[in-house]
Each structure stands twice: as C-alpha cells, then as structure tokens.
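Student: Let chain A serve as the given structure and place chain B on it in line with the hints.
Chains A and B, in that order, are what the protein sequence lines are.
Position in the first sequence (first residue = 1) + 52 = our numbering.
Position in the second sequence (first residue = 1) + 5 = our numbering.
Calculated directly from the structure, the hints in this document are not laboratory data.
Check the hints yourself; a few may be wrong.
[As the list claims (entries may be wrong)] Here chain B is said to cover these stretches of chain A; the calculated rule only asks that three of the stretch's residues, wherever they fall, bring their Cβ under 8 angstroms from a Cβ of chain B:
1. 90-98
2. 116-124
3. 200-214
[Stated by the list, open to error] List of simulated lysine-lysine pairs, DSS-like, C-alpha gap at most 27 angstroms:
4. K89(A) <-> K132(A)
5. K192(B) <-> K132(B)
6. K132(A) <-> K192(B)
7. K196(B) <-> K132(B)
8. K49(B) <-> K89(A)
9. K196(B) <-> K132(A)
10. K132(A) <-> K49(B)
11. K89(A) <-> K53(B)
12. K132(B) <-> K132(A)
The C-beta atom is built at its ideal place from N, Cα and C for all residues, glycine as well.
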Amino acid sequence: MASADRDRQDALYTEISAGNAAALRRLARAYEADPDKRRDLLQEMHIELWLSLRSFDGRCSLRTWMYRVAHNVGASHVMKSRRLAARLVDLEILDSGATAFDGETCVNRQFSANTLLDLVHRLKPLDRQIVLLYLEGETAAGIAEVAGLSANNVATKIHRIKRVLKQSYREGVRNVGQ
Amino acid sequence: MSDSEENQQGNPQEIWSSQDEENEGTMHIAENPGDLRAIAQSRKRLQKWLAGTSVAVAVLLEAGLLYNVYAIDQPWIRLGQAWTLGVIAYLIAQGFAGHREGILEPCAQYLALQHEERRRGYLRLRKQILLFIPGILACAWGRLLSTISDLHAVQLPPTAKLQILRTNWLFVMTGIGLMLVWIAFGKAAGKAARDREQILQIARRNA
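Next up, chain A with everything else stripped away, as it sits in the complex (with noise of 0.2 angstroms):
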C-alpha cells in the first residue's frame, strides 16, 4: 500500500475513534456482558473500523461509517453465539408484553442504566442496533443510513423503543411500591 493511503487510513482512524471512542465502548457493552469478552470485542471493532477505512470513498459519513462497521461486528459476535441467539427477542415480542421484564426493584440512575442494558441484551441484533443507535442520540434518517431500513420503519421503532422503555421504567416504580 502506498504510504499516502496509509497516511490517509490513520489519520481518518484517529479522528474517528478520538471522538468516539467512548461510543464504541458503549456499543461493545451492549453486545458483550462478560468484560474480558467485552474486550476482545472492543478490540476487534477498532481493528475493523481501521482495517475498513483503507476503502474510505466518503458515500456516507465517517460517523456513519463508523457505527456499521461496529453493529457489524457486533452483530456477528451475536450470530456466534448460537445459544445465546436463539433466546434473543424482537422489539415487537418486547413492545406487547409477551416477554416480562425483569429488571431490578430500585428505581434510580443505576438501575435505569441497568434496565437499559437489560433490555438491549435481549434483543436480536437489528433491533438492538437501532436501539443503541437511538440511544446515542441518532435521528431517525441517521438509524436508517447505518441499519439499511426506511426512515418510516426506523420511525415506528423508535416509537416501540419509548414505549417499552416507558413500560418499564413503570414495572420498577411497582415493584419499589410492592
């Protein structure tokens, strides 16, 4: 490789991952539990993100850019897992109750940290990256860039997002009651 598209592959990695790096420790979050696992995936997201920018056309946005290849990885850690896949849930099972929620009894930051988290490990990856996506603060046109759907279908699960949430931050005020 020329060393000009080596030049350029660094210094896109470095204004990326300076700004983001604490996202992309978020997302590792949302799709590893166990910390030392939680690592390595962290790891191969930046070796990924670095090793990807070598094709860097500028199609999209580096930001944008930067969370597919992440969701991606993260996405295959998932599908790695056979046992674990095969018990993750659609938003839409977790939007009409079917599943119960069973988050912790306190109601404060912690715990809704924790709800939070609980709740994106439940998920099957797509849901999940739109979760986190909207977690993160992306508009609706901006989820639907990085996960490849309609703006209008990103929109609907946004609206499954809150209610859910909305859902069980209520289940916690209950069980603190209780």
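Tutor: Same frame as chain A, but now just chain B:
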C-alpha cells in the same frame, strides 16, 4: 415517555451516555494505528501459518492414501481409498475462508449476507460430507468381500455372520453418523434461510 416520568427516571439517552464514566474507565485496548497495524499483520501471519499447516497435514494424509492405493490388493478398498484421495485434493483446492465479507454494508444487508453465507456454508459442508460417502461405501464393500472370502478359506462355523458384522460395524456406524450430520446441516441451512428472509422482510417494510 412523559416529561415528568423522564425527569424522575432521567432521560434514557443521558443515562446511556453517562454509564461510560461510571463503569468503564479501565478497559485497555490498542487504539493506536501503529498497534492496530501490528495486530493485523500478526493475524495475517497466523492465518498463513494455519493454512500452511493444514496443507501439510492434508498432504501427509494424501501420501498415506496414495500408499494404500498401491499397497492394498482388494480392488474395492483400493477404489475407496483413491476416491477419498481425490476428494481431499478437491477440498484443498477449494481454499480457505477469507476476510469478513460485507462489513461496510448497512446493518440489515450485512445480517442478511451473514445468514446467506451461513446457509451456503452448511450446504457446502453437506455436499462435502456427501463426497466422502462413495469412498466409505467402496471400502466397506471391499472389506465385506474380503472377510467373506477369508471365512470361506478357513471354513469357519455359522458364527460367520457375526464376524462379518463385527469387522464392518465401524463403516456402518460412520455411514449412519455422516447421514445424521447431513440431515442436521440441511436443517441448519433451512434455519439460516428463514433468518435471512425475516431480515429482508423487515428491510423491505416501507422501503
């Protein structure tokens, strides 16, 4: 979520981004381009080494089979060994899996691609298993014929049938095992196809 509920619980996006500071300060990984390049290069070296080792093992196996083709008298066993030799050579020629495909695709398309690759992988393995079966059958048949001829030669009593079964049980069990694996791979390929279709249906919605 209503405003009052959000205020009590905290904004989910705010809670989500704040957890990094709370829990995750000490995770050390290589984030420097130079370190990442070193890791990528060492992986490439490892892949090359693994590929080389696999080829060496396969060549040794091929040498053993080739020896059998010349050394064994029974024509069916010889044919079975020659067939297996050919199958292994074909599998080596197929090469080794490369880099992760489609990593730059949008997530839905990437997942669909992964399920499709899974499906193809299962079907490929199933086909490869199928390729070994004629060789095994030929060897089993040849072994059976030579056992029968041995038994006739030494004029053994009626326990001969049991003897024949005993000498061939390994081939029979291998055949049954391969058949079960073949069915299992077929089912797994069907599941991968359904998973892919599900993703594509979601992606097509409102598209």
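Student: Can you give the numbers of the hints that this structure goes against, from lowest to highest?
Tutor: none
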